[in-house]
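Q: Starting from the given sequences, assemble the full structure and let the hints guide the process.
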Amino acid sequence: MDESAKGRTLVEDDLTVSPDVLAALARAVGSPAGTATATLVPYFGAAVGGESTAVDGLGLDLSRALLAGIDYDWRRPFTPGERVHVRVTVEDVFRKGANQFGLLAAEFTDAAGDLVQRQTVTFIERGSSK
Amino acid sequence: MTLDENVTADENVTTDERVTLDERTRGPVTRVQIARYAGAVGDFNPVHVDDEFARASGLPSVIAHGPLTVTLALDAVVEQLGPQALRSAKARLSAPVFPGDELTVVPTADGVEVRKADGTVAATVRLETGRPGTAAEAAGTR
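Respectively, the protein sequence lines represent chains A and B.
Residue numbers are given in numbering that gives the first Met the number 0: position 104 of the first sequence equals residue 103, and the series is strictly consecutive.
Residue numbers are given in numbering that gives the first Met the number 0: position 101 of the second sequence equals residue 100, and the series is strictly consecutive.
Worth flagging that the hints you see were computed from the coordinates, not collected in a lab.
Note that the Cβ used here is the ideal one computed from N, Cα and C, for glycine as well.
Possibly wrong hints are sitting among the right ones.
[Stated by the list, open to error] To give an idea of the interface, some chain A residues facing chain B are shown, with a C-beta separation under 10 Å as derived from the structure:
hint: 1; residue: T38
hint: 2; residue: L66
hint: 3; residue: R75
hint: 4; residue: G80
[Claimed, not checked] Which bits of chain B does chain A cover? Going by a derived footprint, with three or more residues having C-beta under 8 Å, they are:
hint: 5; region: 41 to 51
hint: 6; region: 61 to 71
hint: 7; region: 79 to 91
hint: 8; region: 108 to 119
A: The structure is reproduced here in C-alpha cells:
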C-alpha cells in the first residue's frame, strides 16, 4: 500500500443517481425492501471511479488485501434521478504491526451542496513488506 | 433490539415510540446475486467473480462483496424501520460470505450482527437511528 497516497483525491465528479442503478442494486438485494435499501447504498465509494479506484489509488495488492469495514453517515437517502457531486479521497494510510491499513472516504453532495451521505471504507493489506 | 428513539417505521408517526428490531434471514447468497451486486456498484474485484483467482488467494471459492453483506444487514433493518430512519452505520467484516451461505441478521445491543449457519459472525453493524436533527441512538436489548 502506498503510504504517500494519504490526502490524495482519487475521484471528483458529478453523476446522476440512475434509476437503473438503483433497480439493479435492488435486484441484487433481492428482498421486498430492496428498492428502499438501494437508495441508501447505491454506490460503493471505493469503486465510484471504476473498480481500479481503490486498487490504483492505494496501491493495493489484491492477493493480500481485505475489506475490513465500511461506515455510512447518512443525511438522507438518494433520490432517483438526482444529480450529485462525489469526491473520493484517501483519508489515511498507516501501518499497524505487519499489516497496512488504508481508509478511503467518499462524500456525496446534492445540487444545493448539502451532504447526502459519507462513506468510509477500510482496507487491510496483510503482511505488507513495504 | 429495542430502539429508544423518536422515529418509527411510519414517517407520519412521531416521537417516543419504542421500535423493536426482529431477527431476519437473508440468502442463501448466490453467485448470481454476487455478480448482480458487482454490476450494480461497479466492483469487479476478481475475488468476487473469478473462482480461480479466489482459490489462488487461499479461498475455497469466490466471496460476496463485504458491502453486499452489509447491505443485506441494512436491508433487514430498512425492512422494519424504513430508509429514513438510518443515520449512521459502522460495519466491521469478520468472516467471508460464500455462495450458499444463509445469513441471519440478529439484533444486538447497539445494532445488528450477521451470522452464518454455523454461528460464525460475518459482520457486526453498529447503528444510529433517528430523524434528521435528532440524536437518537440504537440502545436496546434483544
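Q: Run every hint past the structure and note whether it holds.
A: Right, here's what the structure says about each hint:
1. T38: Hint holds; T38 of chain A Cβ to chain B Cβ min 6 Å, cut 10 Å.
2. L66: holds (4 Å)
3. R75: holds (7 Å)
4. G80: violated (16 Å)
5. 41 to 51: Answer holds; 6 residues pass the 8 Å Cβ test.
6. 61 to 71: Contact hint for the region 61 to 71 of chain B vs chain A: holds, 7 residues under 8 Å.
7. 79 to 91: With 10 residues close enough to chain A, the hint holds.
8. 108 to 119: violated (count 0)
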